[in-house]
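When you get a sec, could you build the whole thing from the sequences and use the hints?
Residue numbers (my numbering), protein chains in the order written: chain A, 1 to 480; chain B, 1001 to 1480; chain C, 2001 to 2480; chain D, 3001 to 3480.
Hint data in this document are derived by calculation from the structure and do not stem from the laboratory. Among the hints, a few may not be true.
Said to hold, decoys possible - Below, simulated BS3-like cross-link-like pairs (lysine-lysine); rule was C-alpha separation at most 25 Å, straight line:
no.: 1; chain 1: D; residue 1: LYS3016; chain 2: C; residue 2: LYS2006
no.: 2; chain 1: C; residue 1: LYS2027; chain 2: D; residue 2: LYS3016
no.: 3; chain 1: C; residue 1: LYS2016; chain 2: D; residue 2: LYS3006
no.: 4; chain 1: A; residue 1: LYS27; chain 2: A; residue 2: LYS465
no.: 5; chain 1: D; residue 1: LYS3137; chain 2: D; residue 2: LYS3099
no.: 6; chain 1: A; residue 1: LYS472; chain 2: B; residue 2: LYS1016
no.: 7; chain 1: B; residue 1: LYS1016; chain 2: A; residue 2: LYS16
Nothing here was measured: the structure is a model prediction, and the numbers come from that model.
There are 4 protein chains.
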Amino acid sequence: MTTLIKNGTVVTATEKMHADVLIDGEKVVGVAAPGAHGWVADSEIDAAGKYVLPGGVDVHTHFQLPFGGTYVSDDFESGTRAAAFGGTTTVVDFAVQVKGQTVREGYDAWMALADGNCAIDYGFHMIVGDINDSSLKEMEAIVDDGVTSFKLFMAYPGVLYSDDGEIFRAMQQAAQDGTTIMMHAENGIAIDVLREQAVSRGETDPRYHTITRPPTTESEAVHRSIVLAELAGCPLYVVHMSAKEAVAELTVARDRGLPVYGETCPHYLHLSLEDHVAAPGFEGAKYVCSTPIREKDNQEYLWNALARGDLQVVSTDHACFFFDDDEDTPDRDLPGPVMGRQKRLGEGDFTFIPNGLPGVEERFNVMYQSGVVEGRFSINRFVELVATNPAKMFGMYPQKGTIAIGSDADIVIYDPGTSFVYSTDTIHGNIDYTAYEGMTIEATIDKVLSRGKVIVDAGTYVGSKTHGRYLKRGLSEMPV
Amino acid sequence: MTTLIKNGTVVTATEKMHADVLIDGEKVVGVAAPGAHGWVADSEIDAAGKYVLPGGVDVHTHFQLPFGGTYVSDDFESGTRAAAFGGTTTVVDFAVQVKGQTVREGYDAWMALADGNCAIDYGFHMIVGDINDSSLKEMEAIVDDGVTSFKLFMAYPGVLYSDDGEIFRAMQQAAQDGTTIMMHAENGIAIDVLREQAVSRGETDPRYHTITRPPTTESEAVHRSIVLAELAGCPLYVVHMSAKEAVAELTVARDRGLPVYGETCPHYLHLSLEDHVAAPGFEGAKYVCSTPIREKDNQEYLWNALARGDLQVVSTDHACFFFDDDEDTPDRDLPGPVMGRQKRLGEGDFTFIPNGLPGVEERFNVMYQSGVVEGRFSINRFVELVATNPAKMFGMYPQKGTIAIGSDADIVIYDPGTSFVYSTDTIHGNIDYTAYEGMTIEATIDKVLSRGKVIVDAGTYVGSKTHGRYLKRGLSEMPV
Amino acid sequence: MTTLIKNGTVVTATEKMHADVLIDGEKVVGVAAPGAHGWVADSEIDAAGKYVLPGGVDVHTHFQLPFGGTYVSDDFESGTRAAAFGGTTTVVDFAVQVKGQTVREGYDAWMALADGNCAIDYGFHMIVGDINDSSLKEMEAIVDDGVTSFKLFMAYPGVLYSDDGEIFRAMQQAAQDGTTIMMHAENGIAIDVLREQAVSRGETDPRYHTITRPPTTESEAVHRSIVLAELAGCPLYVVHMSAKEAVAELTVARDRGLPVYGETCPHYLHLSLEDHVAAPGFEGAKYVCSTPIREKDNQEYLWNALARGDLQVVSTDHACFFFDDDEDTPDRDLPGPVMGRQKRLGEGDFTFIPNGLPGVEERFNVMYQSGVVEGRFSINRFVELVATNPAKMFGMYPQKGTIAIGSDADIVIYDPGTSFVYSTDTIHGNIDYTAYEGMTIEATIDKVLSRGKVIVDAGTYVGSKTHGRYLKRGLSEMPV
Amino acid sequence: MTTLIKNGTVVTATEKMHADVLIDGEKVVGVAAPGAHGWVADSEIDAAGKYVLPGGVDVHTHFQLPFGGTYVSDDFESGTRAAAFGGTTTVVDFAVQVKGQTVREGYDAWMALADGNCAIDYGFHMIVGDINDSSLKEMEAIVDDGVTSFKLFMAYPGVLYSDDGEIFRAMQQAAQDGTTIMMHAENGIAIDVLREQAVSRGETDPRYHTITRPPTTESEAVHRSIVLAELAGCPLYVVHMSAKEAVAELTVARDRGLPVYGETCPHYLHLSLEDHVAAPGFEGAKYVCSTPIREKDNQEYLWNALARGDLQVVSTDHACFFFDDDEDTPDRDLPGPVMGRQKRLGEGDFTFIPNGLPGVEERFNVMYQSGVVEGRFSINRFVELVATNPAKMFGMYPQKGTIAIGSDADIVIYDPGTSFVYSTDTIHGNIDYTAYEGMTIEATIDKVLSRGKVIVDAGTYVGSKTHGRYLKRGLSEMPV
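Pasting the structure below:
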C-alpha cells in the first residue's frame, strides 16, 4: 500500500521545500519535486497550498494517573485520540513506581493500561519513586524494554519526592547507563512550609498556589539538580519550566557546555497569574499546576529561550481534571476513569486542587499560532520544538520527529489558508474546558497520518484504539 | 541530463538517511529509499559505504587581495580550484572599497577579477573602507546586486579602520536595509601602541605578533561592536574569533536574544602560540594572522562554542602568502599573482609579516576529522557548521548549504573508509605550505559536484574556470 | 591656640562615640571621654546633642572653567565659599592642559586662579588634553607638585577627547608612576552621531540631551576603559557614573579584584529624566550635564551600589551656569566671572546648553538626608562616602577626611535637632537655582572648622579667601 | 586605676595614628597626641615602635564540644588561655541544642561549662539542632540573654542536619527577630553518598575526606541557603568558606545587595589538599575538617575575597583533637577533657577522623604575617577582618573590636621589630600540633590587655580563669 502526498510544502527542522512525499506501508520512502519523480501510488493526498509536517511528539503526558484522591480524566484511549486530533502522533507517558513497588511492577502496570488503547504510538518514561539498591539495578535492566529516561521529583515530599542522595545515586546510575534524568525541579520542602502557612492565614484561593511557589523555589531546584548531575556525569532534562530565573540557571550551565536541557509547556507561554490563576472566584483552579503559572513577564523570557535554543522542547504535561463538577453532578456521558469531584476538591483550600491542565490536543496548534504566525520563530524551529527535538532527546529519532527517508510516516497535513477558534464545545478530550478558549488559530489540521495510515481526516477521527504501538526507545541523541 | 547518486548515506544538518539522490540538471529533485523509487538516470554514481554531503560553503576567503605591499598568492582561479579539491563548492569573497573610491567601484573591480575565473559559485561581501553619506546610500543600492553583508574593521588604523561613529552609521544603514554587518573586532588603536613599543624594545620575532594583540583587545572590540549593533538594531557577525574572552562576550549577548553571530577558523582550533607562532626562527611567520593564533587553552573553548552553538560558522579567512621565498628565489613555476617576497617581508620585524594563512582547501577535511572523528560533535553539526549555517547566514539558503528538493546539486561524495595525510606536496593551492602538515584525515573526497556537474573526481580536477557563477545573495535567514 | 569641642557625638567611617575633641592650632590632638581628660582650652564649642563630623571632601569641582562659549559661574572665591557653607572643607578641582599646551602651563594657570582666592583647602587633578611623549613625561614630573591623578575624556571629540591609544599610553604612564587615571567614560564618537541626527530631525529640547546619550554609551566606555586599565596595570577611577549598566561593569571588574573605582553625584541620585530633564519648556536645561540625568529606575541601583561599596565616592562635578539669564538681562549684582547667556545658549538646540549643575554646597546635606535619615546607609558610611574615601582615594588621608589624632581639624558641627528647606533664595553660590529646591534637610550645619578655625558659624561666613591652602596630594591609598 | 599606653601607633579599621591611649578601669577613655594631653596614669606601658591594636575577636570556636565519639581537646580554660596568648580577647563559642532538648537546656549547659573558666570575654551562638514550633519561639526569647545568632547545618544528616523546611522556618523566625542565621553550607546528603561509596571502594586515606566533599557540594549549599534567606528576609552568615565556587555565589548575591556574609579561616588560606591533606601516611588527618581543605588554587581566590570585601570575617572554627595519641599512650600531663584516641580514630577509615583543627592561638599572628607583611591588604583591613567586623557582625560593637572612646580596653601591644617561628613546642593550647609549624611571624605580641588588665605579658600568662565575662550580644550592626 503506497500513498503519495502531492504538491505540499514539506517542512523539517532544517528544510522547507515544495515536494511530493511517497509513503510505502508505514514508512516515508521518497521525497521529490512534483513532476520529477514519476511515482504512481495506491492513494493520493492533495496537499497543494498546505504544509506537510512531521507529526507532533509530546514527551510529557499523564493519562490515567492517580493524583490527590482522584485520577486525571483522560485515559489512554481518550487522551491519545485527543492528541491525534491535535496533530500529535507520538506521546511519551510516565509509568510510575511507587514506594514499596519494584520498577518492573510499575512498568508492567502502565504497559497494561496502554496496551490496545492507543490511537497513536506511545512510549514510557519511568517515574522512580523508590530509589534503593534494587531499583537502581532495575533502571539499567529496563533500558532493554525501551525505557531510557527516569523522572525524579524534588517536590511533593512524602509522595514522589526523592532526597538529594537518592537523586544523586539515580544520576550516577544514569551516567553509567547513558540514560537521561528528568527532573521536576521545585524545592518542595520549602514550598510545603509556605503552603501550610498560607492556609493557616486563610489564604486559600487558587492564586495562593502560585504565590506559595515563588520563582526561586524553582530556580534553586534547577541549580541544585544541575550541580548534582554535573557531579554524577549524567544528562539532565528539566520538565515544565516556568520561571525566568530557572531558565537562567539552565542557560548558564549550557554556556559551560553541560548536557542540560529544558522543556516548557504552552500554558506557561500563554497564561499568567494576573489573568488566569488570580481570576475571580474559583476559576483560577483550572490553571493550577506545578510548577505554577507565573507572572506575565515570564512569558516573553520563555519565548526568547525557545527561539534561541536554551529551551529545546515544548511538551504539555497534559494532566486534566474536570472543573465544573461537584458532588451533585449526575453521571457524565463521557468516556474515561473520572469519578466524583476533581478541581472542585480544592474549593476552600487550594492545596486540595489537583494539579494539571489539558493540553495534548492544543499544543501543536497554539505553538504554531503564537510561535510562527506571530513571528517569534520560523516554522523550522516550530517543527524542531514540537517534533524533532523531543524525538532526538528521548531516543525516538529518526523513527519519529521528522519527514525523512526511512522514518515513520507520521505526518500532519496543515492548512494555513483556514482558521478556527478554540472552544470547550469543539475539543475532543475527556475534559470540560480548554485553557485557550477563544484563541484563533490561523491554520487547521487537514489530515493526520500515523505510520502511513490516515487517522484524522477533515476533523473526523478515522483511527482505532488498537493502532498505537509501544515504542522501544533508544538512548538520547540530543546534541548540546 | 539526470544523475543518480546511489546507496549512500545522505547527511544534512538534521538527517542521516540511507537514500538515493536524483539530480536533474543543476538541481536535486529527489531523495528516496534505494529500491523504492524506480528511477533511471543518465548517469549513476555509486556511493555505497560513503557519505553524500552538501558541498562546503566558505564565507570568508580572500583571493588576489593586496596586503602589506604584496598580494595574497591565490587568485580566483587557483583559489577556487583549491576549494573544489577540498570539498567546498561555494565561496564568498570580499570586494573592497578603499578610501576615495565609491562602493560601486570596489564592487565592479572585484566582479571583474572573479568573472570567468572560478571553478565554483561565488559571492561577495563588501568591505566598506570609506563610510560617508554617499557610501551609506550605496550600501542600500548594492543589495539589488546580491551584496547583503558589509565588513568593517576596528583594527588597522589608517588603512581599513572605521571609527565608532562610522561603524555606528553603517550599522544604522544595515538595520534599515535588513543587511548584516561583519566585524573585524580588535582594538587596533591600542594594538598599534603595543606593536610600536614591542618593536622599539627589539621584540621583533613572529610570536610578538600574538603577544601584542592580547585577548582583551579582541573581547573589548566584540563587546563594543555588540553595544553599537544593539543601539543601531542590526545583526552582527564577528569574523575569525580566536579568544575565549571574546566568544564569552558573544555568549552573553546571545543569551539576551541579540542577533549576534560568530565564526572561527580551523587554524584557531588546531594551532597555538606555544607550538606554532612561537616556533624557533622565522617558522612562526607562517601562522601570523589577525586575530592572532592564541594560547592553546583557547582551542577547547572554541570547540565547545561550536558544539553548543555560540559560534555558528567555520570559515577560513583564507589569505595565503608564500613562506619560503626570498629575493634570491628564482621565478617559481606556479600560477597566481605572486611577486617577490611575501612572509619573508617580516624577517627582522614581525609588523611587516603579511597577515594570513591558507585554509580553503583544508577546512572541510580537518573539521570532519577533528570535529566528527574525534567526537566533538555529530556529522549533522559538521554539515551545519561548514555548509548550512554559512548559507543561511548570508542569504544563500536553500540554494546552497543542504541537500534538499530544489537545492543546487552541490554535493561531496565522502569516503570514510579511506584516509590520507596532509602535506605540502599534495595540496593544490598556490602556496608552499599547509598549516596541517602531517595531519591524518580518516576520509577522502571521492567526488565533488557543483550544480550537478562532477568537478573533482578521485583526486583529479575535471572542472573548468568558467563553470563558477556569481551568486546574488538575499538577506540573512539565520535564526538566533 | 587650643579649642575643645565638647559633648558631641564624634563620627568617623568606623566609630560613633560620645567624646570631646581637642584641637591645637590646625590639628586634632585628642579625643577623650567628657570628664575623663582634664583638658582646658582657649576656646570651647558646645556640641551637646550634635554630631562632630569630618569636613566634607569634594574631589570633583569645576570653578572658572571655560565651557561651550561661556564660563562656569562660580570662581574659586564664590565656589569655595559655597562649599564651606555646605560643610565641605576640601575640594579638588581640575587644572586643564588643552591642545598645544604643556601640562605645566595648564597647572600654572590654574594654580594662579586659585591662589589667594579659596575659603578652604584645595588640590588639583590634571586634565590631560594633549597626550604625547612630552606630556607623558610631565605626568611623572608633576607628581612632585602634588598632582597624582589625571583625567581623560572618551567623550567630547575634537575638544578634550583622547583616543584609545592616547588613553592607553597615559594609563601605562600612570601604572609606572603609581598615579590614578580618572575617566569621563562615554562613547563620545557614537553620541555625536546621535546628537547630529536628533538635531537634524528637529529633536532639540533639553530632554534629547539624555536621549542621545543612551546608557550603553556609558557602560561601553566603562568596559573599554577597564580593559585598557587592566592591560596597562593602573588604577582607574570613573567619574560621575549615572547608568546602572555602567556600574554593573564596575562591579564585575571589582569582583575580579581589579583596582577600579567609581563616583556618582547627588544629582544622579535625586533627579530623573522623567521629572526634571523632560520638564516642560526649557526648564530641563537646568539639569543638562554629562553623563546625563537618566531614567528614574537608575537611582535605586546607584544608592544600592553606594551602600554595598561598588561606588566609593560621592562628589559633585559642580559646574554651574545661570539658567534665567538672557541677552537682555542687565548686569547682575553677583560676584564671579559670568558673562552673557549661559544655559539659555541652548534654547532651540540642546547641543548648545552648557553641561553642568551646581552642587558643591548641597552635597553634604542632601547625602545625609537621603542616605542617613531615609535609612539607606549608616552615618559611618555617609562619612566614608563624602569625606574619608575621597581623601584616601586621592592621597589626602589622613590629613583630610577623618577626625583622628594628627589630622587637620576640618570639622562640621552638625545639628540633627533642627531642619531647613533648600531654596534658591538661601543658597550661597554664584548661581540662580538649586536642583534640590524645596527639599527638607533634617539637620543643619552649626559650625564649620577648617584647620581649627571656624569659618562658618550659625549660617554666617566668618572665613577669608586667603585661608585656603594648596594641598600637595600623595598617591592613592584606597584599598580595593 | 588608670593606664597610659604611650607612644605607640594606634590602628583601627580606618585610622593609623601616633597616639597615646588612656584607659580608666575597663574602658578606653582617651586617645591623644603624645605631649598634647597632660595625662598622668597609675601605670604606663611603653609602646614606642609598636602597634596598639584592638584585641582579636574570634567568632567561631568550639571548646569542650563532643564530636564523633570524643571531645575537642580544649576546654574553656585551655582554649581561652590559648586565645589570649594569641592576641584574641573575645571569643564566641557555640551552645548546642541537640534533638529532644530545648534551646534553653542547651544554652544553660554551655553557660555552665564556660562560667568561671574563661581567661577572656565570651559569648555564645546557638546551634539549633531541633527546629520545631517550640524551639522557634525560644529563638526569640533567648535574644534577651544575648544570643542573637543561630547556626544551622546543611551537612551531617542524622546529627545536626536540618532540612530545607526547618532551615526556612528558622530563617523566617530570624527575619522577624532581627537575628542572624549562620550556616554550615555543604550538601551533606550528597556528600554522605560519596563517602560511603569511597569507603566501599577502599578509599580510606585522609585525602578522601576532601575528595568526597567536592567544591560544588559547598557552592550548591551556599546558593540554596541564599535563596532561602532571601525568601525569608533574614541576614545570612556562611561559616568556614573554603571553595572559590562558593565564595562566587556569595559575591553574586552581595552584588544584588543582599545581606549575606561569609567567613573563612586561616587554615583555608594556608593549607592545601596537595601539600597537607594528601600528605603521606596518616599525617593528613591533622588537616581534616569540614568544609575541607581544598586544592591550592582556592587560596588566592579567598585572599582576594578578603581584600575586596566579599568575605568579611576571619575566624578559626577552632576544634582541636590530638593527633599523636593511641590506645597505648599513657596519661598525658595536660589540662582539658581529652580521653583516649582522637584523630587516630580514623586510621583505616577517614570517615571516623574527628573534624577540626586548632587555630585560636595562631589566627591573629598568621593573618598579620600573610595578610599585612606579605602585602595582601593593609593593617587597617587586618584589624577589620580579625576584630572590627566580627564585633559588628555579631552585635558586640563598639564594646569590642576597636579602640575608641568608651570601648572595652581590649588591646594588643604588637611588636613588628621582632619575630618568632611557630612550633608545637611553643604553642599553648591543649593540643600536640600546629598547622603552621615552621612558619615565621615577623612580629610578636608584647602585651595583651582585656578590659584594661594585662593578661599576657612578654609571653607569660598573667591572667585568671575567672576574669572572662559573658557577653550579652545585641543585634548585628554589619552594613552590607
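Check: Does the structure keep B/LYS1016 and A/LYS16 at a Cα separation of 25 Å or less?
Finding: OK: B/LYS1016 and A/LYS16 at ~17 Å, within 25 Å.
Margin query: So if I understand the rule, the pair passes when the alpha-carbon distance is 25 Å or less; does D/LYS3137 with D/LYS3099 pass?
Written below: Distance ~16 Å between D/LYS3137 and D/LYS3099 Cα, so the pair holds.
Notebook entry, point to check: Do the alpha carbons of A/LYS27 and A/LYS465 lie within 25 Å of each other, as the hint requires?
Noted result: holds (20 Å)
Item checked: Hint consistency between A/LYS472 and B/LYS1016 [alpha-carbon to alpha-carbon, up to 25 Å] -> holds (20 Å)
Item checked: Satisfaction of hint between D/LYS3006 and C/LYS2016, Cα-Cα up to 25 Å -> holds (24 Å)
Note to self: Check whether the Cα positions of D/LYS3016 and C/LYS2006 lie no farther apart than 25 Å.
What the structure shows: holds (24 Å)
Notebook entry, point to check: If you draw a straight line from the CA of C/LYS2027 to the CA of D/LYS3016, is it 25 Å or shorter?
Noted result: holds (15 Å)
The structure meets every hint from the earlier list without exception.
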